[in-house]
Structure formats: structure tokens, C-alpha cells
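My request is simple: use the sequences and hints to build the entire structure.
Going line by line, the protein sequences match chains A, B, C, D, E, F and G.
Residue 66 in the UniProt record's numbering sits at position 66 of the first sequence, and the numbers go up by one each step.
Residue 36 in the UniProt record's numbering sits at position 36 of the second sequence, and the numbers go up by one each step.
Residue 13 in the UniProt record's numbering sits at position 13 of the third sequence, and the numbers go up by one each step.
Residue 71 in the UniProt record's numbering sits at position 71 of the fourth sequence, and the numbers go up by one each step.
Residue 6 in the UniProt record's numbering sits at position 6 of the fifth sequence, and the numbers go up by one each step.
Residue 37 in the UniProt record's numbering sits at position 37 of the sixth sequence, and the numbers go up by one each step.
Residue 33 in the UniProt record's numbering sits at position 33 of the seventh sequence, and the numbers go up by one each step.
Honestly, the hints are just simulated from the structure, not real lab data.
Don't take each hint at face value.
Claimed, not checked - In silico DSBU-like cross-links for lysine-lysine, where the CA-CA straight-line distance does not exceed 30 Å:
id, chain 1, residue 1, chain 2, residue 2
1, D, Lys44, C, Lys100
2, F, Lys85, F, Lys44
3, D, Lys100, C, Lys44
4, B, Lys100, B, Lys19
5, D, Lys79, C, Lys44
6, C, Lys19, D, Lys19
One-letter residues, chain by chain:
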Amino acid sequence: MAGVVRRFLPLFDRVLVQKAEVITKTSSGILIPERSQAKVLTGKVLAVGEGLRTESGSLIPPAVGVGDEVMLPEFGGTKVTLEEKDYFLFRDSDILAKMKPE
Amino acid sequence: MAGVVRRFLPLFDRVLVQKAEVITKTSSGILIPERSQAKVLTGKVLAVGEGLRTESGSLIPPAVGVGDEVMLPEFGGTKVTLEEKDYFLFRDSDILAKMKPE
Amino acid sequence: MAGVVRRFLPLFDRVLVQKAEVITKTSSGILIPERSQAKVLTGKVLAVGEGLRTESGSLIPPAVGVGDEVMLPEFGGTKVTLEEKDYFLFRDSDILAKMKPE
Amino acid sequence: MAGVVRRFLPLFDRVLVQKAEVITKTSSGILIPERSQAKVLTGKVLAVGEGLRTESGSLIPPAVGVGDEVMLPEFGGTKVTLEEKDYFLFRDSDILAKMKPE
Amino acid sequence: MAGVVRRFLPLFDRVLVQKAEVITKTSSGILIPERSQAKVLTGKVLAVGEGLRTESGSLIPPAVGVGDEVMLPEFGGTKVTLEEKDYFLFRDSDILAKMKPE
Amino acid sequence: MAGVVRRFLPLFDRVLVQKAEVITKTSSGILIPERSQAKVLTGKVLAVGEGLRTESGSLIPPAVGVGDEVMLPEFGGTKVTLEEKDYFLFRDSDILAKMKPE
Amino acid sequence: MAGVVRRFLPLFDRVLVQKAEVITKTSSGILIPERSQAKVLTGKVLAVGEGLRTESGSLIPPAVGVGDEVMLPEFGGTKVTLEEKDYFLFRDSDILAKMKPE
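Pasting the structure below:
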């Protein structure tokens, strides 16, 4: 992981995600047919914020952690370019699911 | 249930559902006429999230559990393709009803 | 009441209602002229959910119970077909009124 | 008051109102010129709900009671036909004012 | 103040206001040029509601009282005709300012 | 400060502001080029309300005080004409910044 | 830092930011290709407000501090011209991320 990514700290409930390459079959078995206009994508969490701050001032920690394999919505997220590579910022609550380790 | 589905953990109040096939009569007696543009569909819950997090940080557990037979709204839900099969993610609160066991 | 309807459990603040037939005069005296495009309809409650869950996690029990004769809004509600008959799901708060027993 | 109206129980913060006839001068002195497209109407409260339920589950009792003479907004309200007469359901908070007894 | 106005009790945070005549200079020195399409108007408070009810059921008393000289927004307010005179109902929070006594 | 302005009491979180003249350089060094369609304007606070009332009934005092030099948004605010001069009412939360004294 | 900027105190959760010049590579390694219509920009925090006030009247301190290198959204923010230089005001919650010191 490059220096800039390591130093990158998303704010609040934002999560920095590296999208998985569009391949025929991922290591975890998720199959994305090339022909489909894939509606859902997977990715890996690289950095997470401290969480959303509530009205009472407390923090709700994010539901995903660094290293988690996550399922992303088709739309949404903000593209961030760090050292010539594209990453995406999602809000914690927009991430659909995570994969439990095998 | 395939490995990927077993590892699939919906976030928050999301529920992974496998829609029932469009048949003339289900085992529980729900009849869906072939001619109709069926307004409501049924399905089976495969995985549920931990629940929605409130402002105070506590979790509201989902109202359905794995294995429940549920009644789904006509619209809504996010299609997820896992190992070449289609599943759907619904928010807990969008599920209309569940069937009590006989 | 058929088996499927008996097993049908609405979620949250949803209420399963069987609409009254469009007749000239109901047993309770509510008159619906045939010529009118009846703006309000009546029905009978067949099943109710546990109630709406508040932010604090507690349940607000529904304001109507099984067997109640209710007054429904002209629009809204979700049609549900169970064993070839049409029923309607309404949210508790969309039901206009109920009739006190005589 | 007819039997159906007496049995009619509005839900939550709804109020059943019988609109005043369009007359030149009401007994309380409110004058509604015939030529005007009367922007505000008066009526009499026939039945009130238990009140609106708050997030904490408690009830806020309605601000008007049976028998109150009220001032209604020009728009809004749901027409309800009971035994061939027209009544209106208003939410408590949509009623503009009530008249103190003389 | 006429009998109907005296009996008039606005509900919640509503305030009954009598608009000032469009004059060249008011007694308090507020100048409204005749040629202008006066953007702000002044008036006098004739009656106030008990205040807005909060979620917890308590009342927030209105910020103006009977007799207060107030500054009104150009738009908004509901015209009420009582004994052939026009008055206006404003919500407490829509009133811009009040004039301190000299 | 004229009599009417001195008697003027904004309600809630409203703030009465006198906009600065469009000059080339203000005394505090803020430069507004004549040619620009100045996006932000400065002004001086003449009167402030008691503050916004919260759901619990308490008051949040405004973040600016009488005499403060403030930075205003390009749009928004309500023009008020007092003794032939134009002033503006802004909500406390719409004011962008204030200048610390030198 | 000029005098006006030093005296500039953003209100509530607003943050005064000086955008980074569009260069090929920043000192921290963030690369913004000249050809791209850069979707995300970086900047430096010059001043921060006291924080957002909650319903209970307490302050939530901003998540960034003076001197922080931040990542900004493509749209949003209010341009402020101080002593002929352009700065931007962002709400705390609109800032995407900050860079941890190396």
C-alpha cells in the first residue's frame, strides 16, 4: 500500500475502498459474468473513518474494518485518485454487505 | 447453500432473500396466477444483518430471521449475483410480512 | 379464515385488511351510494403487526386489533393476493378510524 | 347524532368535524359573505382521536374536544360519508382555532 | 375588540394579527413608502395560542404576546374574516421581529 | 442608531444586519473589487434575537453579538426598511463568519 | 498569513480552506493529472469554527484543525475573497478526508 493511501484518513463514516478487478471468478467465488452490466461490485477496504457523530456527540464506529471484502452498490461513492490509481469513498451505510472469512 | 452465500453478511438492516419461483401454488398455499403481473412476491431469508443502528448507538435486531418465508414488495431490493444465481437484498422495513410456521 | 391468512404475520405497523363489498348499506349503517366514486372504504382487520419500532427500540402497539371494522383512505395500501382472494396491507397510521362496537 | 357517527372513533390525532352551513351570520357572530369564496370555514367537532403517539410511546391529547366550534383551513381534510351526510376528518394540528364559550 | 375576536383562540403556535394600515409613517417611525411594493408589513397581536407542543408533550410558549407590535413576512399567513374585518393567522416562528416599548 | 432600530427585537435566531457599503477596501482590509459580482458581503450586527428554541424548550444563544462585523452569504436574508434605510434579517446559522477584533 | 485571514472566524461547523494549486504532484504524493477534470481537490485548513451546536446546546468540535491537509469534494463550498485572494468555506461534514502527518 502506497504512502499516500497509508496516510489517507477518511472523515466520519466514510470508507476508502479499492474496487476488485472485473474478473470471471473472484477468489471467494463471486462470479461476475463479463457480458453483464454488473449491478453490484466488490472491493477491499483500505481505510475507515472514526465513525458518524451522533447528536449527543458520541461516535458510531463503522461496520467494516480495514481489509474487509465488501459488496458495493452500483451507483454512488466518490472517486479519489491517489498516486495515479483510482479509489472510492463510500459512506459506511451505503456498503451492502461484507464477506465473512472462510 | 453455497459457500459464498454462507459467507455473505448483509450490513445493518439488510436481508438477503432468495425469491420463490413463479409457480401456480406454493407449499404454503399462496397462489400466484400465471397470468397476473404478480404485485407481491414471496421469498426465503438466507442471511440477515445485525440490525439498524440508532442515534444512541444501540442495535435494533431485524424482524425476520434466516429461514423465514417472507412477502416482498413488488418494487425495491437490490439484485446480487452470487455464483451465477440471483439473490435480493431488502431492508428489513421493506419486507411486508412473514408466514408463521404451520 | 383460510390457512394462509391465519399464518400471515404483517411486519411492524402493517395491518392486513379485507375490504367490505360495495353494498348499499352496511350492517353498521354506513351508506355507500352506488353512483358515487366512493372516497372512503371500510374493511375488517384480519391480522396486525407487532407495531412500529421506535429509535429507542421499543414497540408502539398498533391502534387497531383483529376483527376491528375500520375506515380506509381512498388511496394507498398494498394489494396482497392470498389463495385467490385480494387483501390489503395498510400502515396503522394510514387507517382513518375504527367503529366502536354497538 | 346518528348511530354511526356515535360509533365513529377517529385514530390518532384525527378529528371528525361537521362543517357549518354557509349562512350570512352564525350564532357566534362570524360573518361569511355569500359572494366571497370563503377562505376559512367553521365547523363543530363530533369526535376526536386519542391523540398522536410520540416516539416515546406516550399520547399527546388533541387540542380540541367534542362540541368545540372550530375554524378550519380552506384546503385539506378528508371527506367521510356516514348515513348519507358528509363529514370531514382533520388532523388536530391543521385546525386553525377554536372559539371560547361566551 | 369585537366579541368574536375576543372569543377567538388560535391553536398551538398560531398568532392572530391585525395588519397595520398602509400609511406614510407609523407612530413608531416605521416608514413605508406608498410607491414600494412593501416587502415587510407590521401588525398588532390580538390573540396567541398556547404554544407548540413538543415530542415530550410540553408546551413552548409563543414569543409574542397580545398587544405586541410585530413585523410580518411579506408572504404567508392565513386570512381570517371575523365580523367583516380581515385578520391574519401567523405561526409564531414566521413572525420576524417585535418592537420593544419606547 | 435611530429609535426604531434600537426598539427592533428580532425573534428567535434572527439577526438584524446593516450591510457594508460596496467600497474598494474596508477598514479591516477586506477587498471587494468593483467589477466583481461580489459573491460575499460584509455587514455589521445591529440587533440579535434571544436564540433558537430547542425541542426541550431551552434557548441556544446566537453565535454573533451586536457590533460584530460579519460575512454574509450572497443570497438569503429578508430586507427590512426602517426609517427609509434598508437593513437585512439573517438567521444566525446563515451567517458565514465573523471577524475577530484586531 | 494575512491579517484578515488571521482575524477570520468561521461560524459553527464551517472551515476556511485554501485550495492547493493544480500541480503534477503534491509534496505528499497526491497526483492530479493535468488532463483530468480533477474530481477531487486538496487544500489546507486556515481556520475552523467552534463546531456545530446540537439540539441540547452542546458543541461538536470540527473533525479537522488548522494546518490539516484535506481532501475536498468537487462541488460545494462558498468562495470567499480576502485581500484579493480566493479561499473556500466548507462545512466540516463535507470534507472527505484528511492526510495523517508522515
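Which hints, by number, does the structure contradict?
Hint 3 alone not satisfied by this model.
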